[in-house]
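2 protein chains.
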Amino acid sequence: MATAEFRITIHMVSSVDGIIAKKDNSISWFETSHKYDKGVTGQDPVEFLKTIDCYVMGSRTYELAVELSKSYGWAYGHKPTIVLTSRNLPTAGPQIEFYSGELSKLVNERLKPNYKNVWVVGGSSLTKNFIQQKLADEIRLSMLPIILGEGLPFFDHIGLEQVLHLKDTTAYKNGMVELRYQIIK
Amino acid sequence: MATAEFRITIHMVSSVDGIIAKKDNSISWFETSHKYDKGVTGQDPVEFLKTIDCYVMGSRTYELAVELSKSYGWAYGHKPTIVLTSRNLPTAGPQIEFYSGELSKLVNERLKPNYKNVWVVGGSSLTKNFIQQKLADEIRLSMLPIILGEGLPFFDHIGLEQVLHLKDTTAYKNGMVELRYQIIK
Chain X
416 MATAEFRITI HMVSSVDGII AKKDNSISWF ETSHKYDKGV TGQDPVEFLK TIDCYVMGSR
476 TYELAVELSK SYGWAYGHKP TIVLTSRNLP TAGPQIEFYS GELSKLVNER LKPNYKNVWV
536 VGGSSLTKNF IQQKLADEIR LSMLPIILGE GLPFFDHIGL EQVLHLKDTT AYKNGMVELR
596 YQIIK
Chain E
416 MATAEFRITI HMVSSVDGII AKKDNSISWF ETSHKYDKGV TGQDPVEFLK TIDCYVMGSR
476 TYELAVELSK SYGWAYGHKP TIVLTSRNLP TAGPQIEFYS GELSKLVNER LKPNYKNVWV
536 VGGSSLTKNF IQQKLADEIR LSMLPIILGE GLPFFDHIGL EQVLHLKDTT AYKNGMVELR
596 YQIIK
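Going down the list, the protein sequences come from chains X and E. In this text, residue positions in the first sequence follow our numbering: the first is 416, and each later residue adds one. In this text, residue positions in the second sequence follow our numbering: the first is 416, and each later residue adds one.
If you're looking for bench data, these hints aren't it; they were derived computationally from the structure. Hints may contain errors.
Treat identical chains as interchangeable: a pair holds within one or across any two.
To be verified - Heads up, simulated DSS-like pairs for lysine-lysine below, C-alpha to C-alpha not over 30 Å straight-line:
{"#": "1", "residue 1": "LYS527", "residue 2": "LYS588"}
{"#": "2", "residue 1": "LYS450", "residue 2": "LYS531"}
{"#": "3", "residue 1": "LYS588", "residue 2": "LYS600"}
{"#": "4", "residue 1": "LYS450", "residue 2": "LYS588"}
{"#": "5", "residue 1": "LYS582", "residue 2": "LYS527"}
{"#": "6", "residue 1": "LYS588", "residue 2": "LYS549"}
{"#": "7", "residue 1": "LYS494", "residue 2": "LYS453"}
{"#": "8", "residue 1": "LYS494", "residue 2": "LYS437"}
{"#": "9", "residue 1": "LYS549", "residue 2": "LYS520"}
{"#": "10", "residue 1": "LYS543", "residue 2": "LYS438"}
{"#": "11", "residue 1": "LYS450", "residue 2": "LYS582"}
{"#": "12", "residue 1": "LYS520", "residue 2": "LYS438"}
{"#": "13", "residue 1": "LYS450", "residue 2": "LYS549"}
{"#": "14", "residue 1": "LYS582", "residue 2": "LYS437"}
{"#": "15", "residue 1": "LYS543", "residue 2": "LYS437"}
{"#": "16", "residue 1": "LYS543", "residue 2": "LYS453"}
{"#": "17", "residue 1": "LYS450", "residue 2": "LYS494"}
Whenever a hint applies, use it, and build me the whole structure from the sequences.
This is the structure we're talking about:
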């Protein structure tokens with residue numbers, strides 16, 4: 416990806432009703448039991464994750480990731496992970512960096528000079544800020560074939576309208592549908 | 416469709432953030448400006464709508480449809496349309512029938528003997544009742560390439576978990592993605 420342009424992608428894995436985390440934080444709903452015969456098998460996740468070179472997340476998403484790491488390990492490997500917070504949170508490892516300043520400054524001074532493929536992985540208010548300030552380039556929505564009915568929504572009435580441009584759709588054998596949208600600026 | 420089995424489909428046209436109606440009820444967001452080159456052109460809507468032989472909707476969805484009909488005409492043609500309500504609402508035409516009894520009775524005694532392809536077109540609480548009582552067979556989600564940010568959500572924390580089975584995905588030239596799910600009973 417050395418020649419690729421700098422790009423910030425907002426990513427979510429959600430249910431059909433837009434929920435990204437259950438109230439009890441269990442993640443067994445990621446495993447689907449039905450097969451979608453017309454789907455493709457997933458891209459090699461190791462190869463795919465290699466192309467991401469920095470994660471950005473809000474503080475509650477970070478706390479959830481720390482909580483889940485106790486059972487499943489830290490989900491974001493050794494990649495630099497920047498947590499937006501003004502709180503004093505315990506660190507999950509040397510790759511974690513806490514940031515409390517302006518988002519545009521983070522993007523222009525910290526991310527752009529150092530990375531190519533930055534992923535924002537939640538939550539809802541951070542997503543809103545990235546979209547509102549026209550700082551994100553893409554939304555990638557991985558939708559699992561389930562209705563959860565309650566929990567933490569990704570788009571929680573973010574209160575702004577944003578036109579998107581469909582770039583790609585992929586349906587996987589496990590019934591997950593991945594939708595890629597460009598954010599029109 | 417004479418040989419098809421009886422089927423109840425829950426249908427929604429929504430934004431990426433799951434909103435089905437804006438606060439001002441405007442519908443210009445249905446028109447997209449960008450082209451998705453890999454998409455297919457839509458099925459002939461007249462031919463497609465012919466296969467639906469009955470609509471079912473909640474009272475607020477009906478009131479919204481009546482409101483919109485003043486500008487755009489009645490969206491459901493001459494097809495029988497059953498409105499679930501205990502209120503005394505003005506009728507929009509001879510094809511409208513009001514119903515206030517049990518949902519299972521409606522399905523088994525009124526819909527099953529008379530129709531094959533019934534579409535439930537909202538809103539959220541009616542959808543919830545159909546799913547909760549295992550009365551619906553499919554969900555068809557037509558997602559437009561826009562974030563609306565606020566408005567009427569289709570899945571409004573419906574409070575129950577429901578496993579789905581992806582049946583088909585279609586991306587259209589206008590950037591709309593249609594997802595068909597079977598409701599696992």
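Against the structure, the hints come out as follows:
no. : hint             : result
1   : LYS527 to LYS588 : neither (35 Å within a copy, 33 Å between copies)
2   : LYS450 to LYS531 : between (35 Å within a copy, 27 Å between copies)
3   : LYS588 to LYS600 : between (34 Å within a copy, 21 Å between copies)
4   : LYS450 to LYS588 : both (6 Å within a copy, 27 Å between copies)
5   : LYS582 to LYS527 : within (23 Å within a copy, 41 Å between copies)
6   : LYS588 to LYS549 : between (34 Å within a copy, 25 Å between copies)
7   : LYS494 to LYS453 : neither (34 Å within a copy, 33 Å between copies)
8   : LYS494 to LYS437 : within (26 Å within a copy, 40 Å between copies)
9   : LYS549 to LYS520 : within (13 Å within a copy, 51 Å between copies)
10  : LYS543 to LYS438 : both (22 Å within a copy, 19 Å between copies)
11  : LYS450 to LYS582 : both (25 Å within a copy, 9 Å between copies)
12  : LYS520 to LYS438 : neither (34 Å within a copy, 34 Å between copies)
13  : LYS450 to LYS549 : between (38 Å within a copy, 21 Å between copies)
14  : LYS582 to LYS437 : both (29 Å within a copy, 25 Å between copies)
15  : LYS543 to LYS437 : both (21 Å within a copy, 18 Å between copies)
16  : LYS543 to LYS453 : between (34 Å within a copy, 29 Å between copies)
17  : LYS450 to LYS494 : neither (32 Å within a copy, 35 Å between copies)
Of the numbered hints stated above, those contradicted by the structure are hints 1, 7, 12, 17, listed in ascending order.
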